[in-house]
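*Asks:* Take a look at the letters that make up each chain.
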Amino acid sequence: MDAGRHPLIEVLTNAEVTGCEGEPGNFTVTVRKNPRYVTEECVACGLCVDHCPQVGGNEFDMGLMARKAIYRPFPQSVPATYVIDSNACLNFTPHLDERQRRRLEKMAKYKRKVDPEYPPNILVCGHCTDACDVDAIDFDQMPEEVEIDVGSILVAVGFQEFDARALGAYGYGRLPNVVTSLELERMLNASGVTGGHVVRPSDLETPKRIVFIQCVGARGEGGRPYCSRFCCMNAVKDSMLIRQHDPVVDDITILYTDLRAFGKGFDDFVTRSKETASAEYVRGRPAKVWHDPADDTLQVFVEDTRGHEQRRIPADLVVLSVAAAPNEGAVKLAEIFDIETDQHGFVARRDPAVSAVETSRDGVFVCGSAVGPQVIPDCVAQASATAARAQLFLTGHRHEDTAEPVEPMDLDGPPRVGVMVCHCGVNIAGVLDVDQLAKDAEQLPGVVVTSTDLFACSSTGQDELMETIKEHKLNRIVVAACTPRTHEPVFRDTLARIGFNPFLLEMVNIRDQCSWVHAGTPEAAQDKARALIRMGVARALHLEQLQEGSAPMTRSALVVGGGIAGIQAATDLAVQGFPVTLVEKSDRLGGRLAEPNLMLLYPNMRPASEVLAEKIERLHKSGARVLLETEVENITGFVGSFEATIKGAVDEVLPVGAVILATGADLHDPGTAFRFDELPNVVTSDQLERGFVTEDDLGFGGDPPKSAAFVLCVGSREPEGFTGCSRYCCPTAIKQALKLNERGIDTTVFYRDIRTISTGAEEMYREARGRGVLFVRVPPGHEPEIVGEKRVEAVRCYDELLDRRLEVPADLVVLSVGMRPRQPETDHFHEMLKASVGLDGFFLERHPELAPVETAVEGVLLAGTVQGPKDIVDSVAQASAAAAKASVFLAHDQVRLDPAVAVVDPEACRGCGDCVDICDFQAPALAETEPGVFTAEINPSLCKGCGTCASWCPSGAIIARHFTDKQVLAQIDAFFDEVRP
Amino acid sequence: MTQQVSSSGATSTAPTGAFDPRIVVFACNWCSYAGADTAGVSRIQHQPHFRMIRVMCSGRIQPAFVLRSFEKGADGVLVSGCHFGDCHYIFGNERAVEQFEKTMNVVKLLGIEEGRLRLEWISAAEGGRFAEVINEFTDQVRALGPSPFAVEDAIDEIEVPETGGCMNADKGEGKGEGVGEGEH
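Quick mapping for you: the protein sequence lines, in order, are chains A and B.
So for the first sequence, my numbering puts the first residue at 1; every next one is plus one.
So for the second sequence, my numbering puts the first residue at 1; every next one is plus one.
One chain only, chain A, in its complex shape (with noise of 0.2 Å):
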């Protein structure tokens, strides 16, 4: 959406690229758009789906529903545009025989004898082409080549779903009731084929019993040998959306080998569906899928490998997981852009630790899936460093402002109040009667015209109110959807395009609020909704027009802290010829790979201090500025003219428009757990690699060892503290056991679930395996129990896959340390610049999938592990998307202020100064305006709009801007308006 509008941006659908030539920073693309049929004339009205007779499958559905010949590939698509599917349609149907072919000839004949303005070519058909009023079906439309000239590339041609049909003990295409995860997904969306209800295929009844097959052709067996990320969580989110929607479903049971929840707050969902008892959890890879004829069910085999039980679970319904495949065009599309592939197919990365984004060739960048199956806070995040990345080849043509005025609209007058109300597909329209909704809301004081829209966001919703607007000239528009946190600048972004103030818009939560969290009791649900827009039109009648100022931006920023994301950042910032400074407040830059140096770094396994000298290097090349042995003594200010006081090799007062904080994570302090105060040889991860950097005989104090165990998820995952995953550890434990196995030490491995996500790290997990490295499962509150008097002799532990009791020797223990928020850093941060932190201590982002880099406060950003545990390829991604968000506010010289603070009404003002008392920002100041007559002003660039003072003044004298006290009070008045039923 926000892509398909944007003025900078030309989406071209339906094209591929066919060759490239010249060099980074002046590529020759060719690109052939493939015809669509259908001219940018389309109104995207739908008419000529009504009356096109032929059917084809519907891809976006997954087959599961038909589509027509002519089409729209899934509601929100950008163009809204239609398109013709030559396979299907009936104009280009080489498939028909002679006789079919003449008369079909005839019909078209005796048309434009009737009609001689009938098009003239063979339509045989042409039903599309009666039914469009605006004519935009052109058969006559050739494929056609473009040339484009670009000055960089950036992959993002995503994965394809792997084919479990290569799969044939699970039955998929043979059994019918055997489905993807993906055509599970098209079921569960609201939206979707049967509207959010998952069915079994073969009778459209609710399947009682589910059962999902994880790592279906992903970590080896017969498939993909990675793993694919993305699956658990979908699974354990699947199993959770399937109770919601279908109580009759009684059991679930997921199939799974490791749970591997590995993302910020990802394993807070899983525990929350463990204790809703979502599903049954079943350690297990299934041998086979098999069809019982007696009573049409299925049947999983499987060992349970908790016990060893044998085990044959009936189904209704089967879910296969299924792993992420490379796309098929990718290898043709390298060879065009003359970049590398991996092995298995994806888009090869130089060295992800240098730079998450680069392909092989300079100019060409990559992210997202292309490179290997990722999750969407992952994909987010890279594709921004992407971005960061690609403006080095484009100096000369960014910062262009674009942005064309607008003839703001007469709004003036009666209020005219437009009510829309959305469906959000069923998301809304599941639970709520949206039509009766907007009927009631037609009785309303103010209302002139309500209408209801499938999906309000939308292009097609966009432009239907864009049309409403001007057709019954309103002045204030409600807009009953979602929630404004998320699409209130959507709507005011289309509304500032017609020159409507935004201002005049409200909007009325009954998705998020009403019948996302009321579907089990509809009808209170609806008493609420209509409420709301009750509440939302009185509300509307008192809004008022504001117009955006707008302050200076200082063109510069400041990176906090010279770790690797520090330096990343800094780079990416400095190459593109803005001023930055970063400050260290160590001796040296680096961070956690100079402390000293890690050993070698996974994928590539090349040592971290070359890597590290690559990437200072870089960052002395770009021209940032690098202060080490500084810190950070107090930031004030706002986005655009922050002042950073730093204190070391220099004292100064800095000027900086955006603030980028990577200050990193602490390791966690084991303390007493485990012995680890007591014994010497039970030792940290971090100090197990110190000691293969100095090249140590790793005795620590004693013989060098021949046997080591590792102890994973110390500090992470736990009960109470950090329930979260560290993310780094498991690759890391079993790059340090292939490590130590080369030294020819025996090494066991202590686990809870092996979460090996990283690119490359699931190809090292099955080398420690043939390695002969031990892996034992270890359920939760059976932690391994360190044996030893001076010094550990052996650990011993329940082994849940064996099902007793082991002693295994080892004169090593290594404690997989999790990651913890880096104090004093983050309180200090957090108390200057009031970015929030979240439940687990890490800063917090925006959003996870949509803003992952951006704090809630504008203009500060994060970098690496200060947003929560990553490990050093994601932390660049991350760095380098950082970067890119803040030169977003430093590509221009004015920041927008918001019009919606308060101010002080002169005349009521008495000068008491109480709200330059509680003001926190120093907003307010007393001005005399008359001798001996104070008046408060508020500075509006100061002025943060949170109406404190509005609510604490006690002459009534300051206003909250677009909450005010008229505002807020006809909302509560609207609401008993409606006597109680």
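What the hints contain is simulated information worked out from the structure, not anything from laboratory work.
A portion of the hints provided could be inaccurate.
[Said to hold, decoys possible] The calculated DMTMM-like cross-link candidates involving lysine to aspartate or glutamate, where the alpha carbons are at most 25 Å apart (straight line), are:
1) A:790 with A:965
2) B:72 with A:965
3) B:108 with A:965
[Unchecked claim] Computed footprint of chain B on chain A; a stretch qualifies when at least three of its residues, placed anywhere within it, have a C-beta under 8 Å from a C-beta of chain B:
4) 477-485
5) 501-512
6) 522-530
7) 942-953
[What the hints assert, rightly or not] From the derived model, a few chain A residues whose C-beta atoms are all more than 10 Å from chain B:
8) 53
9) 244
10) 971
Beta carbons are placed, not taken as given, at the ideal position from N, Cα and C, and that holds for glycine.
Mind docking chain B on chain A? Use the hints.
*Replies:* Only chain B this time, still in chain A's reference frame:
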């Protein structure tokens, strides 16, 4: 209206056909309103008898808003904001406490039960907690029955207790210490 709540979270102790209270919830944009959205995204079901009014900060919620709600017939009013130290506007929520205490004094003077007014801190991440608070408060208000003001012409019949409290809560005379805990 029947009071049936889906099995997936909303726990109402009320019998079918019991009185459904009308509750106004004031929420700040950054934490508690976002927490309610989080409950939505996570589909955490809760009781539907409240109506949300969003303001930017809990510090904006002045006594007049709460009192007007009761005047119009609210059976309960919930004021919610960010946890201490988590306010988007630094100390807006601490101002909210002062405002709340003033309001509570007036509410008590008016003869409205303390249990009908509550102050809660809910963060953007705490969807589950938002649902819990709503369920608990709804049940609590339901147990109290309809507000005396919610009955037609009730205002004339209300007996104002002679506690001699100060109606003019200009600077919050510290009357309402600990009121936040009183109703649990």
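*Asks:* Hint by hint, note whether the structure agrees.
*Replies:* Structure-based check of each hint:
1. A:790 with A:965: Since the Cα atoms of residue 790 of chain A and residue 965 of chain A sit roughly 72 Å apart, the hinted pair is violated (cutoff 25 Å).
2. B:72 with A:965: holds, 16 Å
3. B:108 with A:965: holds, 23 Å
4. 477-485: holds (count 3)
5. 501-512: holds (count 3)
6. 522-530: holds (count 5)
7. 942-953: This one holds; 8 residues, not fewer than the three required, reach chain B with a Cβ under 8 Å.
8. 53: holds, 41 Å
9. 244: violated, 5 Å
10. 971: It is violated; residue 971 of chain A is separated from chain B by about 5 Å at its closest Cβ, not greater than 10 Å.
In terms of the numbered hints stated before, the structure departs from hints 1, 9 and 10, listed from lowest to highest.
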